[in-house]
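> So in my numbering, spot 53 of the sequence shown is number 167, and the numbers just go up one at a time.
Keep in mind the hints are simulated off the structure, nothing from the lab. There may be inaccurate statements among the hints.
[To be verified] Once the Cα atoms are required to be at most 27 Å apart in a straight line, the calculated BS3-like pairs of lysine-lysine come out as:
(1) Lys191 with Lys137
(2) Lys141 with Lys277
(3) Lys179 with Lys191
(4) Lys191 with Lys261
(5) Lys270 with Lys141
(6) Lys219 with Lys191
(7) Lys173 with Lys277
(8) Lys155 with Lys253
(9) Lys140 with Lys219
(10) Lys179 with Lys207
(11) Lys141 with Lys219
(12) Lys155 with Lys219
(13) Lys261 with Lys137
(14) Lys136 with Lys179
(15) Lys191 with Lys173
(16) Lys253 with Lys179
(17) Lys253 with Lys277
(18) Lys207 with Lys141
(19) Lys173 with Lys207
(20) Lys140 with Lys253
(21) Lys277 with Lys140
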Amino acid sequence: MVHSIQAQIEWMTMNEALEAQKKEPKKIFADIYTDWCGPCKQMDGNTFTNADLVNYVNKHYYPVKFNAEGTETVVYKGFEYTNPNYKPERKGKRNAQHFFANALKISGYPTVMFFDENANVISPVVGYRTAEQLEIFLKMIATDDYKELTTQEAWKNYQSNFKGTFEN
115 MVHSIQAQIE
125 WMTMNEALEA
135 QKKEPKKIFA
145 DIYTDWCGPC
155 KQMDGNTFTN
165 ADLVNYVNKH
175 YYPVKFNAEG
185 TETVVYKGFE
195 YTNPNYKPER
205 KGKRNAQHFF
215 ANALKISGYP
225 TVMFFDENAN
235 VISPVVGYRT
245 AEQLEIFLKM
255 IATDDYKELT
265 TQEAWKNYQS
275 NFKGTFEN
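Please put together the full structure from these sequences, using the hints given.
Listed below in C-alpha coordinates is the structure:
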(Lines of atoms letter the chains of each structure in order from A and count residues from 1; the text may use other names and numbers.)
(Lines give C-alpha, C1' and ligand atoms only; values in the text may rest on other atoms or scores of the structure.)
Protein backbone atom coordinates (compact mmCIF):
# COMPACT_ATOMS: atom_id res chain seq x y z
CA MET A 1 0.00 0.00 0.00
CA VAL A 2 1.48 3.33 -1.05
CA HIS A 3 0.75 6.39 1.06
CA SER A 4 0.83 9.61 -0.90
CA ILE A 5 2.36 12.58 0.83
CA GLN A 6 -0.29 15.23 1.24
CA ALA A 7 0.44 18.38 -0.74
CA GLN A 8 0.93 21.45 1.41
CA ILE A 9 0.75 25.16 0.80
CA GLU A 10 4.27 26.56 0.50
CA TRP A 11 3.76 29.37 3.04
CA MET A 12 6.14 32.34 3.09
CA THR A 13 6.48 35.45 5.19
CA MET A 14 5.10 38.71 3.80
CA ASN A 15 8.65 39.99 3.29
CA GLU A 16 9.62 36.84 1.36
CA ALA A 17 6.57 37.20 -0.88
CA LEU A 18 7.29 40.89 -1.53
CA GLU A 19 10.89 40.01 -2.45
CA ALA A 20 9.73 37.17 -4.71
CA GLN A 21 7.32 39.56 -6.47
CA LYS A 22 10.25 41.77 -7.47
CA LYS A 23 11.89 38.84 -9.27
CA GLU A 24 8.74 37.21 -10.66
CA PRO A 25 5.47 39.17 -10.47
CA LYS A 26 2.65 37.08 -9.04
CA LYS A 27 -0.32 37.85 -6.82
CA ILE A 28 -0.16 37.27 -3.06
CA PHE A 29 -2.68 35.20 -1.11
CA ALA A 30 -2.31 36.03 2.61
CA ASP A 31 -3.86 34.08 5.46
CA ILE A 32 -4.10 36.58 8.32
CA TYR A 33 -4.71 34.76 11.59
CA THR A 34 -4.18 34.91 15.36
CA ASP A 35 -3.05 32.22 17.80
CA TRP A 36 -6.32 32.23 19.77
CA CYS A 37 -8.67 32.13 16.75
CA GLY A 38 -10.60 28.83 16.53
CA PRO A 39 -11.87 29.31 12.95
CA CYS A 40 -8.26 30.09 11.88
CA LYS A 41 -7.16 26.67 13.19
CA GLN A 42 -10.13 25.06 11.41
CA MET A 43 -9.06 26.65 8.13
CA ASP A 44 -5.55 25.26 8.66
CA GLY A 45 -6.98 21.79 9.30
CA ASN A 46 -9.75 21.74 6.69
CA THR A 47 -9.45 24.41 4.00
CA PHE A 48 -5.68 24.65 3.60
CA THR A 49 -5.31 20.87 3.35
CA ASN A 50 -7.67 20.54 0.35
CA ALA A 51 -5.46 19.16 -2.45
CA ASP A 52 -7.15 21.18 -5.22
CA LEU A 53 -6.85 24.41 -3.23
CA VAL A 54 -3.23 23.67 -2.24
CA ASN A 55 -2.19 23.05 -5.84
CA TYR A 56 -4.03 26.12 -7.14
CA VAL A 57 -2.61 28.45 -4.49
CA ASN A 58 0.96 27.17 -4.93
CA LYS A 59 0.73 27.59 -8.71
CA HIS A 60 -0.95 31.01 -8.97
CA TYR A 61 0.04 32.88 -5.80
CA TYR A 62 2.76 33.60 -3.31
CA PRO A 63 1.03 32.21 -0.22
CA VAL A 64 1.67 34.17 2.99
CA LYS A 65 0.85 33.22 6.57
CA PHE A 66 0.75 36.30 8.77
CA ASN A 67 0.07 36.38 12.52
CA ALA A 68 -1.93 39.58 13.04
CA GLU A 69 -0.76 39.71 16.64
CA GLY A 70 2.80 38.48 16.06
CA THR A 71 6.16 40.24 16.17
CA GLU A 72 7.39 39.85 12.58
CA THR A 73 8.63 43.11 11.04
CA VAL A 74 7.04 43.77 7.65
CA VAL A 75 8.44 46.26 5.15
CA TYR A 76 5.57 47.24 2.88
CA LYS A 77 5.29 50.20 0.48
CA GLY A 78 8.26 51.98 2.06
CA PHE A 79 7.06 51.62 5.66
CA GLU A 80 8.33 49.30 8.36
CA TYR A 81 5.48 47.74 10.34
CA THR A 82 6.06 46.21 13.76
CA ASN A 83 4.04 45.32 16.86
CA PRO A 84 5.57 47.44 19.64
CA ASN A 85 2.65 46.79 22.00
CA TYR A 86 3.02 42.98 21.83
CA LYS A 87 3.11 41.39 25.31
CA PRO A 88 4.96 38.03 25.32
CA GLU A 89 3.22 36.98 28.56
CA ARG A 90 -0.13 37.00 26.69
CA LYS A 91 0.91 34.17 24.35
CA GLY A 92 -2.14 32.23 23.17
CA LYS A 93 -4.51 35.00 24.30
CA ARG A 94 -5.61 38.19 22.57
CA ASN A 95 -2.65 40.47 22.10
CA ALA A 96 -1.89 43.82 20.51
CA GLN A 97 -2.71 44.04 16.80
CA HIS A 98 0.31 44.26 14.52
CA PHE A 99 0.57 47.64 12.78
CA PHE A 100 0.58 45.88 9.38
CA ALA A 101 -2.78 44.19 10.13
CA ASN A 102 -4.03 47.57 11.31
CA ALA A 103 -2.85 49.26 8.10
CA LEU A 104 -4.77 46.61 6.12
CA LYS A 105 -7.86 47.44 8.24
CA ILE A 106 -8.22 43.84 9.42
CA SER A 107 -11.10 43.62 11.85
CA GLY A 108 -11.92 39.91 12.02
CA TYR A 109 -10.11 36.58 11.91
CA PRO A 110 -9.45 34.70 9.85
CA THR A 111 -9.12 37.13 6.96
CA VAL A 112 -7.71 36.08 3.62
CA MET A 113 -6.20 39.08 1.84
CA PHE A 114 -5.43 39.20 -1.87
CA PHE A 115 -2.73 41.50 -3.28
CA ASP A 116 -1.98 42.16 -6.96
CA GLU A 117 1.43 41.74 -8.66
CA ASN A 118 2.48 45.16 -7.31
CA ALA A 119 1.44 44.28 -3.75
CA ASN A 120 -1.63 46.52 -3.85
CA VAL A 121 -4.59 45.22 -1.85
CA ILE A 122 -7.28 43.72 -4.09
CA SER A 123 -9.76 42.43 -1.55
CA PRO A 124 -10.16 40.86 1.86
CA VAL A 125 -12.33 37.78 2.41
CA VAL A 126 -13.30 37.81 6.08
CA GLY A 127 -14.29 34.76 8.08
CA TYR A 128 -14.01 30.99 7.87
CA ARG A 129 -14.29 29.61 4.34
CA THR A 130 -14.16 26.07 3.01
CA ALA A 131 -11.96 25.30 0.01
CA GLU A 132 -15.11 25.25 -2.15
CA GLN A 133 -16.14 28.69 -0.85
CA LEU A 134 -12.68 30.15 -1.42
CA GLU A 135 -12.36 28.70 -4.92
CA ILE A 136 -14.40 31.45 -6.62
CA PHE A 137 -12.21 34.18 -5.06
CA LEU A 138 -8.96 32.36 -5.86
CA LYS A 139 -9.90 31.90 -9.52
CA MET A 140 -11.62 35.26 -10.04
CA ILE A 141 -8.52 37.07 -8.76
CA ALA A 142 -5.90 34.84 -10.40
CA THR A 143 -7.53 35.34 -13.80
CA ASP A 144 -8.12 39.10 -13.31
CA ASP A 145 -11.88 38.57 -13.78
CA TYR A 146 -12.38 40.69 -10.66
CA LYS A 147 -11.42 43.80 -12.66
CA GLU A 148 -14.63 43.43 -14.68
CA LEU A 149 -16.90 42.97 -11.66
CA THR A 150 -17.62 46.58 -10.83
CA THR A 151 -21.24 46.22 -9.72
CA GLN A 152 -23.18 44.02 -7.29
CA GLU A 153 -25.11 42.67 -10.26
CA ALA A 154 -21.96 41.70 -12.17
CA TRP A 155 -20.72 39.87 -9.06
CA LYS A 156 -24.07 38.06 -8.65
CA ASN A 157 -23.99 36.97 -12.30
CA TYR A 158 -20.38 35.83 -11.93
CA GLN A 159 -21.30 33.79 -8.85
CA SER A 160 -24.32 32.17 -10.49
CA ASN A 161 -22.30 31.24 -13.59
CA PHE A 162 -19.23 30.02 -11.69
CA LYS A 163 -18.63 26.27 -11.86
CA GLY A 164 -16.32 25.11 -9.10
CA THR A 165 -14.02 22.15 -9.60
CA PHE A 166 -12.40 21.81 -6.14
CA GLU A 167 -13.35 18.52 -4.55
CA ASN A 168 -13.72 17.74 -0.89
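> Each hint needs a verdict: does it hold in this structure or not?
Tested hints:
| no. | hint | result |
| --- | --- | --- |
| 1 | Lys191 with Lys137 | 16 Å, holds |
| 2 | Lys141 with Lys277 | 22 Å, holds |
| 3 | Lys179 with Lys191 | 19 Å, holds |
| 4 | Lys191 with Lys261 | 22 Å, holds |
| 5 | Lys270 with Lys141 | 24 Å, holds |
| 6 | Lys219 with Lys191 | 16 Å, holds |
| 7 | Lys173 with Lys277 | 20 Å, holds |
| 8 | Lys155 with Lys253 | 23 Å, holds |
| 9 | Lys140 with Lys219 | 23 Å, holds |
| 10 | Lys179 with Lys207 | 19 Å, holds |
| 11 | Lys141 with Lys219 | 19 Å, holds |
| 12 | Lys155 with Lys219 | 21 Å, holds |
| 13 | Lys261 with Lys137 | 24 Å, holds |
| 14 | Lys136 with Lys179 | 19 Å, holds |
| 15 | Lys191 with Lys173 | 25 Å, holds |
| 16 | Lys253 with Lys179 | 19 Å, holds |
| 17 | Lys253 with Lys277 | 11 Å, holds |
| 18 | Lys207 with Lys141 | 32 Å, violated |
| 19 | Lys173 with Lys207 | 34 Å, violated |
| 20 | Lys140 with Lys253 | 14 Å, holds |
| 21 | Lys277 with Lys140 | 24 Å, holds |
Going down the numbered hints, you'll see the structure goes against 18, 19, while the others check out.
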